[in-house]
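Please build the complex by placing chains H and F on the supplied structure of chain E, with the hints as guidance.
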Amino acid sequence: MIAIGMEGSANKLGVGIMLHPEDGSPPRVLANIRHTYVSPPGEGFLPKDTARHHRAWVVKLVKKSLKEARVSVGDVDCICFTKGPGMGAPLQSVVVAARMLSLLWNKPLVGVNHCVGHIEMGRLITGATNPVVLYVSGGNTQVIAYSSQRYRIFGETLDIAVGNCLDRFARTLHISNDPAPGYNIEQLAKQGKQLVDLPYVVKGMDVSFSGLLAAIDGLAAQWGLGGEDAANEDLRAQDPQSGAVHIPQTDGKPTRADLCFSLQETVFAMLVEITERAMAHVGSKQVLIVGGVGSNERLQEMMGVMARDRGGSVYATDERFCIDNGIMIAQAGMLAYQTGFQTPLKESTCTQRFRTDEVFVKWRED
Amino acid sequence: MESKLETISLPHLPASLPIHVALFRNVQNSAFLRQQLLAGNADFEYAMIDASLVFSRAHAMAAVFRAMNDYLNSRLKSHNVHSEIVFSFNPTNNIAESFRKLGISDSTKDLLIIKVSVSPDITHDSVATHLASSVEGVPMSFDDSTLSEIHDINKIKKLYKLGALPSPAVKADPSQPMPGAAKDLLESSLIGAIALRGS
Amino acid sequence: MTEEYKPPALPSPFTNTTPAPTLLVQGAEAHLYKTVSLDPSIPAALKVRPSKPYRHPILDRRLTRQRIIQEARCLVKLVREGVSVPAVLAMDWEGQGGEESAWGGAWLMMEWIEGPVVRVVLEQWEAWMKKHATALDASQMPMEEDRVRGLMKRIGLTIGGLHKAGVVHGDLTTSNLMLRSPAQGQRQETGLAASAVSMEGEVVLIDFGLAAQSTQDEDRAVDLYVLERAIGSTHPRSEQFFDSVLLGYRESHKGAGSTLKRLEDVRMRGRKRSMIG
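Protein chains in written order, with our numbering: chain E, 1 to 366; chain H, 1 to 199; chain F, 1 to 277.
The shape of chain E in the complex, shown without the other chains (with noise of 0.2 Å):
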């Protein structure tokens, strides 16, 4: 069985065809391609700029996944696409060229929640059985458990998602979009070395990062560190050779660097944390985590002590799959598909509102 995934919620456009051999054999992955609006530094990505990048991008990326499978459109099952949760104007160009394929090929659709994708391609690609998740991306963070077919929500933040919080720091800083600004924090922060205080804000199991960006964002402007110059500057300061930004300490005045690592620390902290009570709740040793912020190898790493200190371990993937793809659409898709689920043309809308626990998931079982 063939499936297509078409994912487009946020500034990623991505397709992918997956293989579920009919001998029960592991699924393959024949195609999984990705196209990434990136926007200038110091700017987000815009809903209508990222809607027609994606619409221009979309039919390039399907014949280009076509061809790279080597499979036909009669070799496909079905056409599954992102329902949602995500940006509205990006989410409907995605869903619009999925219905068109659907009628041009009468291939049967599948809605796919985005975050339900992101877990059952993490679970395919790590082989975690029954893991907690940490689902982190710039949209999300949730800590989530699987039980009596749903996918519960055990904590998640109470205001802005985590990779947010990045990537308006990332804004703040002026550091460039390109291939992602959480990427580019994560090497910043790696010559970072004084830890500032950050507001740590952990409820239970939920976590709130809105106040912590206003006080490192009030850190920045009170040092002179955002914005274009500050940025130069750094650039200016570059080593060609290894990187490394050499800029002298001033007694106390911390650097771009700190800042950056002073971030990830205290929000990966907060995120490690609540992971770590899911697990003692549902007395489970595995973590999965999912989501473009998952592959950041400090949190991958911190989540990792904090495993082996429990007796358990983590499972991360790399950003092929951590970042949005339309391969896990595909294959959270045909997961439900193979159930006998459908999306009838009349409710293939999307939305940018929709809950993890709102799906039944009735490929697992128990």
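Don't read these hints as lab results, they were simulated from the structure.
Given the structure is predicted, the values throughout are model-derived calculations rather than measurements.
Some hints could be false.
Said to hold, decoys possible - As a list, the in silico PhoX-like pairs of lysine-lysine whose alpha-carbon atoms are at most 25 Å apart:
#	chain 1	residue 1	chain 2	residue 2
1	F	Lys164	H	Lys157
2	E	Lys203	F	Lys77
3	F	Lys254	F	Lys34
Just chains H and F now, kept in the frame of chain E:
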């Protein structure tokens, strides 16, 4: 004069560090004892506490344990573990104030003396002998019923700022001990204050 | 990749303790032990918050310190106010061996509460009812239900006392409510109840790891709401009696009315909102 020195092995502390405790009433030579402390006479390195401020045995042990834990972790705030014990009775971080309020004064009549076996030559016998020859007072057993005759509840409440707690003054018969619940409440509050000091 | 599991090491001075403290619970935040108080004949609970090596040492110290102190402060305040919680016996928030030490943890020694947690009491009662409900006569059934209502009301009174004292618990579940066993010879209920499950004893609130000082109706209402949800999910047969908690709560202090009004809002809102992808 003989003493009724008691040697206590507090749970959780190393067996090599027993605590020697003596309680005296009607002490006659407080001025002399205080003078030895001020002069830094090593023979008189004791925790000497105004016993009217000691509510109960558990109260005293909480202060000793607090000082001993800080001693074992090398974070004494005063000169030695014995001055630290006096300080540990205090609910605030003011060391000088703690000595002034809780330590021995020239007029102290009732005295609680504590010594820790911080070196091997400090033994029950050595402490008993020295106290017997140095303290002019009536040795008493270190127990709650004796302390209840000595302690001044109002002074204790004032020191620990616990004025709102039920007072023994409401007792119908002052000769009776405090009702159990009120005693427990006050004792728990004192011990809690000792644990929280400096937090 | 899983390494061999090692039980956590005890902090000083409890490495001296004989017999060694018994590990009861290894939670996410803390390890709970049973040991003795400073009087070897009286038991005590020891809560250890170990250092978390995954986080930056400075941040780790800050959090561990803040939290153990916060918990102890709430308990001491509540004891003073006469709310039934475990008394604080001793604590240490400074870790060991200076700022760069290997152990940045903290510990809190508390009064040992002898008795069952309400979760177990309700589980046993529900199990008993499931088995015997059909055999009960007309007078026994309401009596059994009254017993649970009575317990719920006492719980409400206790929570009211907590809130009146200016503290919110932050994690009210039936696992964090205990029934202090009455002293020998003071049992009263014997023989009255059809089921063998005792509901006697003073209600004691435990585990103040997430507690905070607050007098806000919102925080208080969330406390009640969390308990309501916990009883609903853990004790489905007892959920119908939650009203008795609120009845006891209403009688407990003057401000109860406005908190209960706020509870309506909190219920409507639920805890979870939809998130943008």
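Q) Quick one, are Lys164 of chain F and Lys157 of chain H close enough, alpha carbons at most 25 Å? A) It holds: about 23 Å lies between the C-alpha atoms, which stays within 25 Å.
Q. Would the pair Lys203 of chain E and Lys77 of chain F pass a check requiring their Cα atoms to be no farther apart than 25 Å?
A. Answer holds: Lys203 of chain E to Lys77 of chain F is near 22 Å, not above 25 Å.
Q: For the pair we were handed, Lys254 of chain F and Lys34 of chain F, check the Cα-Cα distance against 25 Å.
A: violated, 38 Å
Going down the numbered hints, you'll see the structure goes against just number 3.
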